[in-house]
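S.K.: So the chains spell out like this:
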Amino acid sequence: MDLRKLIQEYLASAQVMQIGTVHDNKPWIATVYYVADADLNLYWISKGMRRHSREIEKNSRVAGSVVVNHVYGEKVRGLQVEGTAELLKGSEAEQGINVYKSRFWIVEEREKALAGENEPAYVYRMKPERYVLIDEVNFPENPRQELKI
Amino acid sequence: MDVKKLISEYFESAQMLQIITTNGYQPWGATVYFAYDQDLNLYWISRPDRRHSSELSLNKKVAGVIAKYHTYGEKVRGIQIEGEAFELKNEDASNAMEIYTKRYSVPRARALNLSGHIVYKLKPTYIVLFDEVNFPENPRQEYKP
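Each protein sequence line maps, in turn, to chains A and B.
Numbers in our numbering are just positions in the first sequence, counted from 1, shifted up by 7.
Numbers in our numbering are just positions in the second sequence, counted from 1, shifted up by 186.
Next up, chain A with everything else stripped away, as it sits in the complex:
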């Protein structure tokens, strides 16, 4: 089975990711809508003043979780990812916003925030180093599958 393809399909089947950051040995977690590109990079938009955004500025190491809804007893599928995240600027930010718009629309208020008004928002990119797919459906004997990027 093609693990990379399964991860791409899984990323396409969900919209929400939990992003974990760390500052001063203390973890924090936030939820964002994300878009993946063909290289399995992940993009999201957040306000710069949010705690996860501030922590990424100080420490770019992040972890992500993408989990579609399960109820107890169902076969589990979920994705963990670790890597680095950064705020995109200039042409990279424009590209990131275009990737984001390929999946989601951006409301007027958010457009204004991206232009720096009110509480400014930015596009972020996570470059993964390692994905862990837990997949009891496709890999019942060995559900933990790792992909190094």
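Hints are computed from structural coordinates only; laboratory data are not their basis.
Cβ atoms here follow ideal geometry from the backbone N, Cα and C, with glycine treated the same way.
Be a bit skeptical, because a hint or two may be false.
What the hints assert, rightly or not - In silico lysine-lysine, DSBU-like type, Cα no more than 35 Å apart, as pairs:
id, chain 1, residue 1, chain 2, residue 2
1, A, Lys-33, B, Lys-330
2, B, Lys-261, B, Lys-330
3, B, Lys-309, A, Lys-65
4, A, Lys-33, B, Lys-261
5, A, Lys-54, B, Lys-309
6, A, Lys-54, B, Lys-288
Unchecked claim - Pairwise CB distance ranges (calculated):
id, chain 1, residue 1, chain 2, residue 2, range
7, B, Glu-284, A, Ala-45, 18 to 26 Å
8, B, Ser-291, A, Glu-143, 40 to 48 Å
9, A, Met-56, B, Glu-323, 17 to 25 Å
10, B, Ile-285, A, Glu-143, 22 to 30 Å
11, B, Asp-235, A, Asn-125, 22 to 30 Å
12, B, Tyr-258, A, Met-56, 18 to 26 Å
Unchecked claim - Pulled from the structure, derived: some chain B residues nowhere near chain A, Cβ distances all over 10 Å:
id, residue
13, Glu-268
14, Lys-307
15, Tyr-329
We have chain A; now place chain B onto it with these hints.
M.R.: What follows is chain B alone, placed relative to chain A:
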């Protein structure tokens, strides 16, 4: 509106908790099924050899999210938690398993499924309820247990 009550109702309506642990610099995420008590402590069971479990044995600081499935554009509701998580033993573990097995209607032995799972407790120090449904003007509501 009673924020603690809303948090408790939200806990009741969800089953999955995402946790983030750290070795000090690199965060790591994991997903667990949780149960909770009236003081808003959360309980789950995990194998001790999992990365989140081994990180917790070295650093109790943890963050959690309980996020129900949304699609883009919907009003958002979710919970963020900060606190400490640790392994329970003896009577504490037994009491927690009572709560856990009651919630999921599973026999205790099956919940622990004979592969060495142990019981963890997350004691929150800070909870953020993000709730655009009940607090449209100010969706970020903070609660300190």
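S.K.: Next step is simple, just say for each hint if it's right about the structure.
M.R.: Verification of the supplied hints:
1. A/Lys-33 to B/Lys-330: 17 Å, holds
2. B/Lys-261 to B/Lys-330: Cα-Cα ~24 Å, so holds.
3. B/Lys-309 to A/Lys-65: Since the Cα atoms of B/Lys-309 and A/Lys-65 sit roughly 27 Å apart, the hinted pair holds (cutoff 35 Å).
4. A/Lys-33 to B/Lys-261: 29 Å, holds
5. A/Lys-54 to B/Lys-309: Holds - the C-alpha atoms of B/Lys-309 and A/Lys-54 are around 29 Å apart, at most 35 Å.
6. A/Lys-54 to B/Lys-288: 40 Å, violated
7. B/Glu-284 to A/Ala-45: 18 to 26 Å: About 49 Å separates the Cβ atoms of B/Glu-284 and A/Ala-45, which means 18 to 26 Å is violated.
8. B/Ser-291 to A/Glu-143: 40 to 48 Å: The hint (40 to 48 Å, Cβ to Cβ) is violated, given that B/Ser-291 and A/Glu-143 are roughly 20 Å apart.
9. A/Met-56 to B/Glu-323: 17 to 25 Å: Hint holds: Cβ distance 18 Å, inside 17 to 25 Å.
10. B/Ile-285 to A/Glu-143: 22 to 30 Å: 25 Å, holds
11. B/Asp-235 to A/Asn-125: 22 to 30 Å: 47 Å, violated
12. B/Tyr-258 to A/Met-56: 18 to 26 Å: Holds, at about 22 Å.
13. Glu-268: 7 Å, violated
14. Lys-307: About 17 Å separates B/Lys-307 from the closest Cβ of chain A, which puts it past 10 Å; holds.
15. Tyr-329: 16 Å, holds
The structure is inconsistent with the numbered hints 6, 7, 8, 11 and 13, although it conforms to all the rest.
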